[in-house]
Every structure is written in C-alpha cells, then in structure tokens.
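Model the full structure from these sequences, guided by the hints.
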Amino acid sequence: MAAAARPALKRALPSLRSSTFLPRQQQPQCHHHVPTSRRSLSTTPSHRNDTQPTTPSDEETHFGFSTVTTSQKRALVASVFTSVADSYDKMNDLMSFGWHRIWKDHFVSTLNPGFSPLSSTSPTSPQHILDIAGGTGDIAFRLLHHAHTVNSNPNVKVTISDINRAMLSVGKSRSAALPASQQAALSFVEANAEDLRKTRPLTPILSQTEQTFFDPATATSGLEDDSVDLYTVAFGIRNFSDIPAALAEAYRVLKPGGVFACLEFSKADKHPLFNSVYKEWSFRAIPLIGQLVAGDRDSYQYLVESIERFPRQEEFRDLIKGAGFRVSGDGGWEDLTGGVAAIHRGMKPRE
Amino acid sequence: MASPAAVNCSGAARRILLLPTTTTQPATRSFPGRLSAVTSRPITTLPSTPRTKSKSTPKTQPPTTPPPQPLQTRRTYHSTTHPPPPSPFTQAETTLLTSALTSHIPTHGFTLPSLTLAARDLSLLDISPSFLGPSPVARLIHFHLYTTRTTLPSLASQHSDLLSGLSVSGKIELLTWLRLKQNEPIIQHWQQALAVMAQPSQVPVAVRELAMLADEIYYLAGDKSVDPSWYTKRAALSGIYAAAELFMTTDKSEGFQETRRFLRRRLQEAEELGGAVRSVGEWVGFTASAGVNVLRSKGVRI
Ligand SMILES: C[S@@+](CC[C@H](N)C(=O)[O-])C[C@H]1O[C@@H](n2cnc3c(N)ncnc32)[C@H](O)[C@@H]1O
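Taken in order, these protein sequences are the chains called A and B. Letter by letter, the first sequence follows residues 77 to 427 in the numbering used here. Letter by letter, the second sequence follows residues -14 to 287 in the numbering used here.
Take these hints with a grain of salt, some might be off.
As the list claims (entries may be wrong) - Sample of chain A residues facing chain B (criterion: CB under 7 Å; computed from the structure):
{"#": "1", "residue": "Thr186"}
{"#": "2", "residue": "Gly333"}
{"#": "3", "residue": "Ser404"}
{"#": "4", "residue": "Gly405"}
{"#": "5", "residue": "Arg421"}
It should be emphasised that the hints constitute simulated quantities derived from the structure, not laboratory data. All values reported here derive from a predicted model rather than from experimental measurement. Every residue gets a Cβ at the ideal spot worked out from N, C-alpha and C, and that includes glycine.
If you want it as structure tokens, here you go:
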C-alpha cells in the first residue's frame, strides 16, 4: 500500500530542501508547501519528470507552446491539483485525527452567515463574505451552503481568494458541482492576504510552465475599504509571513460591524497529558508516517513545525486586538478538541 | 467539558471554593484555594455595618453605557481589600447585549433575532453578533444572569428599610424574592433560556452564576457563620432558587404570589431539615472543618 501511494504523493509533496533558496514568494505557503516549492510542479502533468528544476522567468508566465486545447489543458491541470488537494486533506486528517471537517462545519455554522431575523421590517442588505487562503473552497462552499440553503438567504456572495492560482483552480473546478445559484454567487480572486489592494480575478492556467503564484505586478484591481461583512481564514494564516499586515488588511476591508474569523491549529497545552501525547504524535509519528507513506519526511516536518511556531491562543488574540478588533470577554477564542485547533473571532467596531 | 454531574448542588458549592480568594494572611497562602476561600471571608470581609456602598455603583460606570448597567460592579467574593473582579463582558459586548436585553428580549426572547436587531440599532451588521463566540444566545443569557446578580446590591439598598427589620432567614427570603422579581419582564422567555443553559457546554457557566448568586444573597443578608454549614446553606439556597425560578415560569397568579409561597415553603423546609441537608454535604463539611482546624493551628483567628 505504501509503495503504491508513494509516487503520487512524492509528486505532490516535493522535498522542502528544494524550496529553501527560492524567493519568499516561492516559499511554502501552506502548512505543507505543496504546490509552491517547485513552481513547475503545479503545472506539471503527472507523467512529466518532475525532478527537473525549472527556473522562474518572465517568459514562462506567457502562454507557451500548446498542443492540447485550452479546456483539455485545464482539465489536466485540475486533475494534478486534485491529487495535491487530496494530500492536503490527508495531512489535515493526520494533524486533527480526522476532525478538521467537523471543525470546519462548526466554524461555519457558528458564524451563521446569511442569518436574518424574519420579523425584520428593514430589508437585508447583501452580505459579502471574503474567504482568504480559501484554497480549494472547503470553507467557502460551506459558507455558501449555510447562507443559501440553511438560512435561505440568496443575498449572500462569497469571494474565494488565495495567493496560489493552482489551489484556486481546483476550487473553481470543484465548484462546478454546486447548484447554479451558488456558482453565480461565487467569485475567485488571486491576492496575497498581506496586501489586498492588489488583486486580479482568477486567470486560468494554460501553460505548464506558468507561475502559479500571484504576482502583485499583474494586479488589475483591489479590495475596497469597508466592503466586507465577514472575513474568514482557515488553516491559512499560519503560513503568512507577516500576520499583523494580514490582520491590518482584514480590518481595512471589513465594514464597521464586520467580523473576522480564523480557524487554525493551535496549542493543546491546557491538558498536560493530552498535550504530551499529541506532541509525541505530531513530532515523532507524523514525520515518520510522511516518510513511510509519501517518502517525504521534510514536508510533514514542516507541517508540524509551522504549527508549533504559530503563536499561542492568547498571543494571537492580542494580535487581533492590536489590529483594532473587539473580542469577546470569554477569552476571544474557542478551543476545539482541547486546543488542537482554535477559532478566534473579532469585530471591527463602528468608531 | 461540561459534566452533567456538576449541576447538582454540591457541585455548585464546590465551584465557589475554586473561585479566587480574598485572603491576605500569609498563613493561608500555602493552602489550597478551597480552604482559603472559606476562611478568608471572616478575616477580611464581613461588614459589621450594613453595606452602604452599593448605591454608589452606578457612579462608577462609564457614562456612555445605558442603564441598567452592571459593568464594573463591585467585588464578587466579598473582599474589601481586593479590587472587584473584572466584568466577564468586554465593552463592545456589553453595548450589544444591553441593547438586546432592553429593546428586543421582551418581544423576541433570548434569540438570535434579538441580537441581530440590536446590532442593527447600533448600526452594526447582521453578522456582528457572531463575534460573541460559538453561542451568542448563551452569551446573552449569561449577560442577563450577570446583570441581575450584580444589580442585587443596589436593589437591596432600595429595600433597606424592609430588610433591616428582618432576621437573617427573613432577609434571605426577601433578597431571593427580589432576585426572582428581576425575571418578571422576561418571564415568558425564561423557560426557553433555561433550556439553553442546560446544554452541556453551558452548564459550567450556569452553575457558577447560581453559586455566585447564592453567595451574594448570603452576603447581603449578613450571614456571618463560618462553619461547615457555609457550603450546605449556599448549596441549599442554590437548589431552592433554581426550583423557584422554574416554578415562576408557569406561575399565572397575581404578582407571582404562588411563587413567593413556593419559595417560603422551600426555605422553611430547608431550615427544618437542616440536619438532613447537612448530611448530604457531609464530606464537604468534614473537609472544610479540617481546613479550619489547620488554619487555627497556624494562628488564624476563626
Ligand atoms: C492549508 S490551505 C487551506 C485551504 C482552505 N482554507 C481549507 O481550510 O481547506 C492554505 C492556503 O493558504 C494559501 N496561502 C498561503 N499564504 C498565503 C498568502 N500570503 N495570501 C493568501 N493565501 C495564502 C495557500 O496557497 C493555501 O491554499
């Protein structure tokens, strides 16, 4: 079983070493730097020899030779990223004991997007949700379902944003399975969470050698101040190199009364026994599993270490407050599964 | 997190013991909080005169927040030496929750629409209440429990004429009744609220509030006894209050006189059956008296 799984995952999870000397923009951007550590990977069909490094250059962002049609290419690209997305899921499963889907459901249902009091006389204004580091759409699709179906409120639109077009492309192709009304309420935007003034709509990847990371120089628009009701970020913020900058941008784009909500791996050290078991699991077992199953210890090591480096609940809450958000006196966060993950929420006040 | 077993009365009493202590005596520092919490009361706290401070409470409140406004109220654990514990609600929460409580709960009850409408009143958004945490409605109910408890002292001083003529048990009965009457404006919604607070995730908050309420009532009644019955009396009052509160939600009598009769009966029974009640909490009492003896041996005057 391990042998069979190895080649696919090996492609999906290139060694961390290969990314060490890349510029920041090319550095791992998720808890496992999957499609980012090697630019070529993200556009490489599975049959291609992916050990051959390609140097990023401007020409390569142009559409190169194309012997297949655009839609064929897109499908090909999407299939590669789907396996990448699957490996994301596997890693999340390992780190969360399979609970990350439950956490995501809880995250979305407690935010209750699209809720509107029935008895209300004043009309509901449309709700704009921004899902940052939205990747393959896990959170955005849930938000949309909750608003449109659970709360029967079609007046809610969701923008999925990510720095990585490859991830967004997977999200886009997955969204084809959604009801048409929900698809119409979705938009895909390339942006770095640290500077939301520079964005562009998702541009299809047509070439194997294209840069998949958003280059701010190619921006065609930006997110306006006070334009968002709900800002969500799930398992993304840990990978940002400048978290305060991202929080400041969240504050800027939110309307007064708008809510910031973050789901992220956290510290489970309130329960010493559980914590020691969890630490043992994550620091010893997970890299070992990564080595056995994927033949790639480093990627899994990166995942574990990025979680370890992320600030503890109180510190992160204080960063959120420092950005100007108001939090609950109930701590300002909610531990999930003993603190293996946590949800932080804050509101932008009306001054 | 929540253990259903914690709902019972001794659970309530135990929770008090875990609360911050008011002790200033070094001798008590080395003891577990549960012991110092007991013994600290007579050392530092019991007023020899009726408290006169409660009336001044509103003056210390920020001018921007509307009444009835319990933020920044005084101590909870009856310390005259320590500052009052900070409110468990931030300013932003207090503003939103107060608006919901005063303008929308009488119509919409303890529900999300109440909170959403309050947010709109404040020019916030429909999504805003979600910053309150995983259960904004439970937070709203907790806020009602907190405000009613922390406004009890000023309510008591409004009735100081009545209270001063009463025995300790008479005072306890009247104070409990005053607290019950605070539920009057929201009584048709209270059963639903109690159901929310009975959910496992909310039980710790509910039990803690109940325990602090019983403690408050005993404090305001001027009960000075520091013996093993300290716990059982509070546990018993917690149980009686909870029962009377539930009774009141179905009471259709004029001025809730049936509830008041119910309350009197239960308090009287508890007094008559004091011995039996005590035996329920015997282990607590035993532990406590052991602690008191240890402290005495250390020179603490109890
Ligand atoms: C683990 S995935 C999370 C995907 C999704 N939110 C979920 O919960 O399944 C992390 C995502 O963060 C994105 N990301 C990393 N750094 C970013 C940045 N600076 N700005 C925007 N997105 C970023 C990555 O491209 C990746 O898609």
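Proposed interface contact between Gly405(A) and chain B, which counts if any beta carbon pair is under 7 Å: Given a least distance of 4 Å, the restraint on Gly405(A) holds.
Hint check: 7 Å Cβ-Cβ cutoff, Arg421(A) to chain B: holds, 5 Å
Thr186(A) as an interface hint toward chain B, with CB separation required under 7 Å: holds, 5 Å
Interface hint status, Gly333(A) versus chain B (Cβ within 7 Å): holds, 3 Å
Status of the Ser404(A) interface restraint (C-beta, 7 Å, chain B): holds, 5 Å
Every hint from the earlier list agrees with this structure, and none is contradicted.
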